[in-house]
Amino acid sequence: MSFVRAAWLVVRKDVLIEARSREILYTTLFFAVACVLVFAFGFVNEGRPITDAAPGILWIAIAFSGTLALGRAFERERQHETLRALMIAPVDRPALYVGKLAGILLLLAMVEVVIVPLVALLFHAPLFTRPLLLVALLAGGTTGFAAVGTLFAAMLVRARSRDVLLPVLLYPITIPVIIAGVRGTAALLQADVDVPMARAWISMLVLFDVVFIVLALWTFEPLMTE
Amino acid sequence: MRKLFLPLTVVAAGMFMMAPFLIDGAPYESTMGLVQKIFYFHVPSAMTMFVSAFVCGISSAVFLFKGRAAADRLAVAAAELTSVFGIIVLVTGPLWARKAWGVWWVWDERITSTFVLWLIFNAYLLLRKYGGAGSERLAAGLAIFGMANVPFVYWSVNVWRTLHPKTTVVPTLQPGMRGPFWFCVTAFLLLYVLAITARAHLEAERARLEEIYLSIEE
Amino acid sequence: MTNWWPGRAARALVIAAALAFSTPVFALQPPTAAAQDGFVPVSRAAQQETIPAARLVVIAYGFAWVMLLGYLWSIWSRLGKVERELLAVSRRIDAGERRG
Numbered sequence: 171m172s173f174v175r176a177a178w179l180v181v182r183k184d185v186l187i188e189a190r191s192r193e194i195l196y197t198t199l200f201f202a203v204a205c206v207l208v209f210a211f212g213f214v215n216e217g218r219p220i221t222d223a224a225p226g227i228l229w230i231a232i233a234f235s236g237t238l239a240l241g242r243a244f245e246r247e248r249q250h251e252t253l254r255a256l257m258i259a260p261v262d263r264p265a266l267y268v269g270k271l272a273g274i275l276l277l278l279a280m281v282e283v284v285i286v287p288l289v290a291l292l293f294h295a296p297l298f299t300r301p302l303l304l305v306a307l308l309a310g311g312t313t314g315f316a317a318v319g320t321l322f323a324a325m326l327v328r329a330r331s332r333d334v335l336l337p338v339l340l341y342p343i344t345i346p347v348i349i350a351g352v353r354g355t356a357a358l359l360q361a362d363v364d365v366p367m368a369r370a371w372i373s374m375l376v377l378f379d380v381v382f383i384v385l386a387l388w389t390f391e392p393l394m395t396e
Numbered sequence: 008m009r010k011l012f013l014p015l016t017v018v019a020a021g022m023f024m025m026a027p028f029l030i031d032g033a034p035y036e037s038t039m040g041l042v043q044k045i046f047y048f049h050v051p052s053a054m055t056m057f058v059s060a061f062v063c064g065i066s067s068a069v070f071l072f073k074g075r076a077a078a079d080r081l082a083v084a085a086a087e088l089t090s091v092f093g094i095i096v097l098v099t100g101p102l103w104a105r106k107a108w109g110v111w112w113v114w115d116e117r118i119t120s121t122f123v124l125w126l127i128f129n130a131y132l133l134l135r136k137y138g139g140a141g142s143e144r145l146a147a148g149l150a151i152f153g154m155a156n157v158p159f160v161y162w163s164v165n166v167w168r169t170l171h172p173k174t175t176v177v178p179t180l181q182p183g184m185r186g187p188f189w190f191c192v193t194a195f196l197l198l199y200v201l202a203i204t205a206r207a208h209l210e211a212e213r214a215r216l217e218e219i220y221l222s223i224e225e
Numbered sequence: 338m339t340n341w342w343p344g345r346a347a348r349a350l351v352i353a354a355a356l357a358f359s360t361p362v363f364a365l366q367p368p369t370a371a372a373q374d375g376f377v378p379v380s381r382a383a384q385q386e387t388i389p390a391a392r393l394v395v396i397a398y399g400f401a402w403v404m405l406l407g408y409l410w411s412i413w414s415r416l417g418k419v420e421r422e423l424l425a426v427s428r429r430i431d432a433g434e435r436r437g
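Chains as they are written, first to last, in the numbering used here: chain A, 171 to 396; chain B, 8 to 225; chain C, 338 to 437.
In case anyone wonders, no lab produced these hints; they're calculated from the structure.
Source: prediction; values computed, not measured.
By construction, the Cβ of each residue, glycine as well, lies at the ideal position given by its N, Cα and C atoms.
Worth double-checking, as some hints may not be accurate.
Below, simulated DSBU-like cross-link-like pairs (lysine-lysine); rule was C-alpha separation at most 30 Å, straight line [claimed, not checked]:
| id | chain 1 | residue 1 | chain 2 | residue 2 |
| --- | --- | --- | --- | --- |
| 1 | B | K73 | B | K136 |
| 2 | B | K10 | C | K418 |
| 3 | C | K418 | B | K136 |
Which chain A residues stay away from chain B? Per the calculated CB distances, all over 10 Å, these [to be verified]:
| id | residue |
| --- | --- |
| 4 | S172 |
| 5 | R175 |
| 6 | A189 |
| 7 | L238 |
| 8 | R242 |
| 9 | T252 |
| 10 | A306 |
| 11 | V338 |
| 12 | D362 |
Please take these sequences and the hints and turn them into a complete structure.
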């Protein structure tokens, strides 16, 4: 079976399962909205949001709900012992990683479709003045976060106390993604949009994505071998 | 190494006892004064910490791809030492900063990347301690990612302005400061080699004990 | 691990492209301030101080010493414990063999 086809089958399986129950989508989405709401209480003073709060809130909501989605997605595989079955299947191991990553990315894209306008609305943030740059930032940042997260969540399936270890391992590694996402978004929110700064952060995110996806593909095989 | 261990320990102990006298004899820095003397322990521990992080990352990669148990023992020893030297860097740094810059902490790139690196290697130790069976492979994966992460953290924080002295202070040190500084670096690296050897030996002994227990059960 | 992986040339190309794409990051490095480039030695420290430097220096060195000695002691004590256990176990095995 070809690499692309194996990855596609993993994505299709995940999408079909999720489409039936929509459990992870609904819970993650609701969690992200709740996150934004909690931040609203922290950062809104006398009815007006603190300036510059929006990018941080957006990216923290993405990171938190991403962690939740990753944990749930692999918990489902663990409960039904399906990850083991996938590992036994005669396909390239990295194809499984790419498939799982694509599934997580699809899910997070759906979450972002809801929370980005929500943050823009609640925090008076003109996020859509440069839609292309915003989409590039979101895509680059989410990919970087999910690339590391998918590998870590997959390998932690075998570990004890995996639900607490996932954020403990994931957040320090994805700090560059959070910084780049927040600073890049902040550059878009300035009165006169700082395009070179936003571009610089986007290219940094692309570099991060390339390096960490290559590393993940390289280490997935030995990490998933018991 | 076993034969050299004792004499080297004596040398290291002697160097650490001599270090305060040399540091005391070094000239004061013109703008920062006495507090700049923290430099002689702060920078060598930072150097040792980064060396240790790379030792951990590289030996983790060797363990993961070649499956050598000795590499894993070296990796866990290096991770623990990264944590120990890291806490020294992170405590002495703010003490210096309080006097030199007037604040305990700034989000400068070198400080932030040190902090993140320290967090990653503590996560490594947590994973090994609480991850259960097979967690040494997972921890090896984390160490590789942590090592690759250092330049990214550095660049991303670098776009903010910085207060921290540049690395150029080290090659341009005045003679009076250069001697004590490199003396301290040597002492720290020597101590590091000794400590990592002892710690890896401890891990090897534990593995031996484990094996004996397993053979008894059979 | 073999049939999907692009060739070495393609890999080099990807890395080169990523590096080329990342140049704005390097271009954005902040300018260097003169005071951070090197230390200028003087013979005496400043006399008036609002924050006592001596205390900070003593705390810093004290902390470093305590951490290092504490860590070495912890290795030593853990090693001692394992060695004692090893000795006890091998003695038990010897006794068992003699009996059996």
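Consistency of the hints with the structure:
The hinted pair formed by B:K73 and B:K136 meets the criterion: a straight-line CA distance of about 23 Å does not exceed 30 Å. For the suggested pair B:K10 and C:K418, the alpha carbons sit about 22 Å apart, so the restraint of at most 30 Å is met. Pair hint C:K418 plus B:K136 holds up; C-alpha atoms about 18 Å apart against a cutoff of 30 Å. Distance check on A:S172: its Cβ is at least 26 Å (rounded) from any Cβ of chain B, clearing the 10 Å threshold; non-interface status holds.
Interface exclusion of A:R175 from chain B stands, the closest Cβ pair being 27 Å apart, more than 10 Å. The Cβ of A:A189 lies farther than 10 Å from every Cβ of chain B, with a closest approach of about 31 Å, so its non-interface assignment holds. For A:L238, the condition that its CB be more than 10 Å from all CB atoms of chain B holds, with the nearest at approximately 19 Å. Annotated as non-interface, A:R242 keeps its C-beta farther than 10 Å from every C-beta of chain B; the closest such distance is 19 Å.
Distance to chain B confirms A:T252 as a non-interface residue, since its nearest Cβ pair spans about 19 Å, more than 10 Å. At roughly 17 Å, the least C-beta separation between A:A306 and chain B is larger than 10 Å, which holds for a residue marked as non-interface. With a least CB separation of 5 Å from chain B, A:V338 falls inside the 10 Å interface cut-off, contrary to its annotation. Even its closest Cβ contact with chain B, about 19 Å, leaves A:D362 beyond 10 Å, as expected for a residue assigned away from the interface.
Comparing the model with each numbered hint stated earlier shows that hint 11 is the single one that does not hold.
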